[in-house]
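Student: Let the hints inform the model, and build the full structure from the sequences given.
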Amino acid sequence: MKDEHLNNMMMSRRRLLKVFMASGISTALIRTSPLVSGLLYARDADAQNAGLPNKTVSIYIPGGSISSLWNPTGSGESMQLGVMSAGYEPVKTECNFMVNMSHSNAGHGRMPILLAQNWGSDSYDVTMGNALGPNLPFRYLNLGVHSNGQGQLTKDNRNHLPFQENPFTVFKMVFGSAQGSNSKTPIMNAHMSAANAIKNRLAGYEVQRMNDHLDAISDTQRRLDDLYGGVSCGIAPDNTEFPLTFDTFSQQARLQADIAVAALQCNLTSSVSLAFGNHQAEFRIPELNFQGHYHNAIHGGSNGQPNYPYYTEMRSHLGSLSAYLIQKLKAAGILDSTVVLETSDMGHADKHSANPCSYLIAGGGARINRGVVSNMGSGYNQHDVLHTAAKACGVDLGFGKEIPGIIV
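Straight run, no breaks: the sequence shown in our numbering ends on number 715.
Check the hints yourself; a few may be wrong.
Dumping the calculated DSS-like pairs for lysine-lysine here, alpha-carbon to alpha-carbon at most 25 Å [said to hold, decoys possible]:
1) Lys-637 to Lys-698
2) Lys-635 to Lys-708
3) Lys-479 to Lys-635
4) Lys-708 to Lys-698
Treat the hints as calculated values from the structure; they're not laboratory data.
Tutor: So this is what it looks like as structure tokens:
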């Protein structure tokens, strides 16, 4: 299977090189601006499009959920969300909520196998990046928010990769000029120069696409500048340390989501993973009522109250961060071509239980049955969520089974 995949990648690269050569755009310009290579890849991908979603986002939220408080009921606009899943309200019609499932390896410390078949295999985000966009500037992006050095999701050829957690650094890495421009040149200036140089070689719809991409990058940079107090990240020195603390956890999460969506929209990658915290849930969200760490909200923070008010509050808020990303994908016009999945490491976190567990798949256009609740039972687990999300994109992971009723 690996040899076949390598052969397909080589054939894809050769075909793409022909597209680049035929474009009349210099390789130097392509190297200077990843936006240009992303646009040219989109030209090739449009010609090869099989009508399936060609992008994916995998979201990790620690701490599972309590089924009696999380499980939605009903369907469509009349769907009623639980108090623990209330954060998904703005996007409930875009989601398939899969409930009462199980987990094959529940508990703390399991992050490296949440998106993988086993401890030694590549993770979902890597496999999907290799399958959907091997020639894009980034095969995958693995973003995080306050993992604090604990746990990794992404595994590539047996290497466990730490999260890219500083949104300023990630922005420069993804959207920065690769070469040929001064290090103090603002990022947008480099891309504007490249864009203007190729506009006369693009079709009308591609010019509009390029303008949309520039707007997405510019908007993200403005948001980063606001967080840093008005100092442009486009002229910040390399390896600058930024004061990213728990006080801005939610803002950082939304910035990472902005970057993820812009990278997908600009065809710089086809696969993104985004993790909120780590397996021990060692972070706090100061704008909420509970001021301690999420871990403490789960274990003892609710003072024995059976409705777990602080665990519920934290989990609902984290769901709203997932919903924010889904909303951004929709606003960018790429939710229908993107399959989003959300997973966790257990069910009821105060019990570290392996069932019942809740997951969701969103987006995917007509390919995914959305706005419904799927009561699947304990015969299905997180591996089957991965398998189903991949199959919706036309990719065979080689493990797991399809969850019935999700793919249309």
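Student: Are the hints correct? Go through all of them and say.
Tutor: Taking the hints in turn, this is what the structure says about them:
| no. | hint | verdict |
| --- | --- | --- |
| 1 | Lys-637 to Lys-698 | 21 Å, holds |
| 2 | Lys-635 to Lys-708 | 30 Å, violated |
| 3 | Lys-479 to Lys-635 | 20 Å, holds |
| 4 | Lys-708 to Lys-698 | 10 Å, holds |
When each numbered hint is compared with the structure, a violation occurs for hint 2 only.
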